[in-house]
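In order, the protein sequence lines correspond to chains L and P.
Counting from 538, one number per residue, gives the positions in the first sequence under the numbering used here.
Counting from 1320, one number per residue, gives the positions in the second sequence under the numbering used here.
Derived by calculation from the structure, the hints in this document are not laboratory data.
A quick note: this is a predicted structure, and the numbers were derived from the prediction, not measured.
Mixed in with the good hints there might be a few duds.
[Stated by the list, open to error] Among chain L residues calculated to face chain P with C-beta under 7 Å, some are:
1. Val606
2. Val632
3. Leu636
[To be verified] Straight-line distance between alpha carbons at most 20 Å, and here's what the computed DMTMM-like set of lysine to aspartate or glutamate pairs gives:
4. L:Lys581 with L:Glu609
5. L:Lys687 with L:Asp651
6. L:Lys631 with P:Asp1440
7. P:Lys1339 with L:Asp564
8. L:Lys631 with P:Glu1443
9. L:Lys603 with P:Asp1440
10. P:Lys1339 with L:Glu659
11. L:Lys803 with L:Asp789
12. L:Lys798 with L:Asp784
13. L:Lys783 with L:Glu769
14. L:Lys576 with L:Asp564
15. L:Lys798 with L:Glu778
16. P:Lys1339 with L:Asp625
17. L:Lys603 with L:Glu665
18. L:Lys603 with P:Asp1509
19. L:Lys686 with L:Asp651
Glycine is no exception: its CB is placed at the ideal position from the N, C-alpha and C atoms.
Read off the chains here:
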Amino acid sequence: MANPDPFTTRNPFTDVESPAVSVTIEDLSKSFGTVEVLKHISFKVEPGEIFVLMGPSGSGKSVLIKHIVALEQPTAGRVTIDGRDAADQATREKVRIALVFQAGALFNSMSVYDNLALYLREHRIANEAGIREKVMRALQILSLEGAVKKFPSELSGGMKKRVAIARALVMEPQLMLYDEPTSELDPVMGATISEIIATLKDDYHVTSIVVSHDRDLALSISDRVGILMGGELIFIGPPSELRHPKDPRVDDFLNPRIDLKNPRFKKLET
Amino acid sequence: MRQFTRILEGFGSTLLLLIKSMSYLPTLPRQFHRFIEQCYLIGYTTLPIVAILSFFIGSVLALQAGYAMQNFGAKQFIGTLVGLSMARELGPVMVAILLAGRVGSAITAELASMKVYQEIDALETMNIPPARILVMPRLVAVLVMVPVLTIIADLVGWFGGAIVCKYTSFIAIDPPAYFSALRRFMTFEDVLNGLIKAEAFGFAVVLVCCNIGLNTRGGPREIGASVTRAVVTSLITILVLDYFVTKALM
Chain L
538 MANPDPFTTR NPFTDVESPA VSVTIEDLSK SFGTVEVLKH ISFKVEPGEI FVLMGPSGSG
598 KSVLIKHIVA LEQPTAGRVT IDGRDAADQA TREKVRIALV FQAGALFNSM SVYDNLALYL
658 REHRIANEAG IREKVMRALQ ILSLEGAVKK FPSELSGGMK KRVAIARALV MEPQLMLYDE
718 PTSELDPVMG ATISEIIATL KDDYHVTSIV VSHDRDLALS ISDRVGILMG GELIFIGPPS
778 ELRHPKDPRV DDFLNPRIDL KNPRFKKLET
Chain P
1320 MRQFTRILEG FGSTLLLLIK SMSYLPTLPR QFHRFIEQCY LIGYTTLPIV AILSFFIGSV
1380 LALQAGYAMQ NFGAKQFIGT LVGLSMAREL GPVMVAILLA GRVGSAITAE LASMKVYQEI
1440 DALETMNIPP ARILVMPRLV AVLVMVPVLT IIADLVGWFG GAIVCKYTSF IAIDPPAYFS
1500 ALRRFMTFED VLNGLIKAEA FGFAVVLVCC NIGLNTRGGP REIGASVTRA VVTSLITILV
1560 LDYFVTKALM
């Protein structure tokens, strides 16, 4: 059923509506010692939007996403979620934010079922019957019913990613953050994960911020794309603008040409 | 100077973890399953090694005391010496050292690997404080299990001394005489002092090991480094605390 309000999350479990949130990054800088990882980053993600943040390895994408869930504190600037400071404990209590980690970060000592049930149990969201219903619903959405009793060590890379998404989903999030959701996956599984992210946005209107290297994912499911390079945001705009980028750095990042006569690694050495 | 700053940082973060963990004490009833699991890991699984070591410590103590005291006719006080030594010093210290080596190292390894593999970050993003579900149940469990382990260590150590006294030819003291000497100069306060010391050591070991585990940064190599640091810090903490608690109880 289509949701009448595009900025409202219709929860997949309770059918209760809760507003999707906006995320605003204001002049954010982050340094580790003398190394400046993020330099005066500013952008806004609108409610219900899929925003894909791309950039080469080490450009500060994962550090940026960690500021949104307060796992890192900014050196300067701030991050707000619907106007509330992301670093405040009260914000985390009021806004449900879920982060899908690059490696899944599943609890290795727990079964898939318990991984999903932990949040619901700890926050006393439902009784055991209710928890079972919500967990099984999340597993069903991601076609993981068969993995319910398995432990993370028994799962493939793609299944781990899907379990991590299912675990995020039971939190009934207003904001979903994905850190490299398609990395280390084969192309088909990468496409499946992209479809899942787009479906969650379409069906439940969750605001999504995706950190990824995956050009196909960015071009096919994003509403807007940001490109981070050397700690600076060098591009922000709709994916259509990336088909013929004007900035040579963006072009080189998205369409790298293999030049055997003048290889890149030799330029890096000098 | 840098080393001194690191020690102060470690002390401060341990203290903060203690305050934070204790603030979650009211959640203990609904975490009872975690408390029981930790009691099993800290108490039950440590019991065999505690019993074996305390038996031989009591035995060696009796043997050395018998060898030294036979020359000046004080063999009848071997029971007193073994009894007081085990209750006031060796029982608590040995239990604490075993806790550091067996339980503390396992706690640090588990929490450090959870930190390195982002499980702790995942808990924080779910708004589940790690101090509530990973630290507080362990601290309460150690407070409950350490006195039990210490009493068992004392009893087994005394028993080990009695066996050696009976079957060693140059000592040859019967168990009734041995236990009579043990009871004559030992009071309930001696045992209680030992239990208080053991509580302080056990609590400090678990707190230090949790803190070091949760503050691990880096990759798998740092997990091993954290375990080593946790055991060394625990041993130093036990011996430093031993002096101050013993002095305070005198």
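> Is the straight-line distance between the alpha-carbon of Lys798 (chain L) and that of Glu778 (chain L) 20 Å or less?
Replying inline: Given that 20 Å is the threshold and the Cα spacing comes to 30 Å, the pair is violated.
>> Given the hinted pair Lys631 (chain L) and Glu1443 (chain P), is their Cα-Cα distance within 20 Å?
In response: holds, 15 Å
>> What's the verdict on Lys687 (chain L) and Asp651 (chain L), does the C-alpha distance respect the 20 Å limit or exceed it?
In response: holds, 10 Å
> Would the pair Lys1339 (chain P) and Asp625 (chain L) pass a check requiring their Cα atoms to be no farther apart than 20 Å?
Replying inline: Distance of about 17 Å is within 20 Å: holds.
>> Check the hint pairing Lys603 (chain L) with Asp1440 (chain P) against an upper bound of 20 Å on the C-alpha distance.
In response: holds, 10 Å
> Given the hint that Lys1339 (chain P) pairs with Glu659 (chain L), does the C-alpha gap stay at or below 20 Å?
Replying inline: holds, 17 Å
> Is the hint on Leu636 (chain L) kept, meaning its closest Cβ partner in chain P is under 7 Å away?
Replying inline: This interface hint holds because 5 Å falls under the 7 Å limit.
>> Next pair to validate is Lys798 (chain L) with Asp784 (chain L); report whether the Cα-Cα distance is within 20 Å.
In response: Violated: Lys798 (chain L) and Asp784 (chain L) sit about 24 Å apart, past 20 Å.
>> Can you confirm whether the C-alpha distance between Lys603 (chain L) and Glu665 (chain L) stays at or below 20 Å?
In response: Distance of about 32 Å is beyond 20 Å: violated.
>> Hinted pair, alpha-carbon criterion (20 Å max): Lys576 (chain L), Asp564 (chain L). Please report holds or violated.
In response: Satisfied, since the Cα-Cα distance of roughly 8 Å is no more than 20 Å.
> Are the Cα atoms of Lys603 (chain L) and Asp1509 (chain P) separated by 20 Å or less?
Replying inline: violated, 54 Å
>> Please verify whether Lys631 (chain L) and Asp1440 (chain P) have alpha carbons no more than 20 Å apart.
In response: holds, 19 Å
Against the hints set out earlier in the document, violations occur for numbers 2, 7, 12, 15, 17 and 18.
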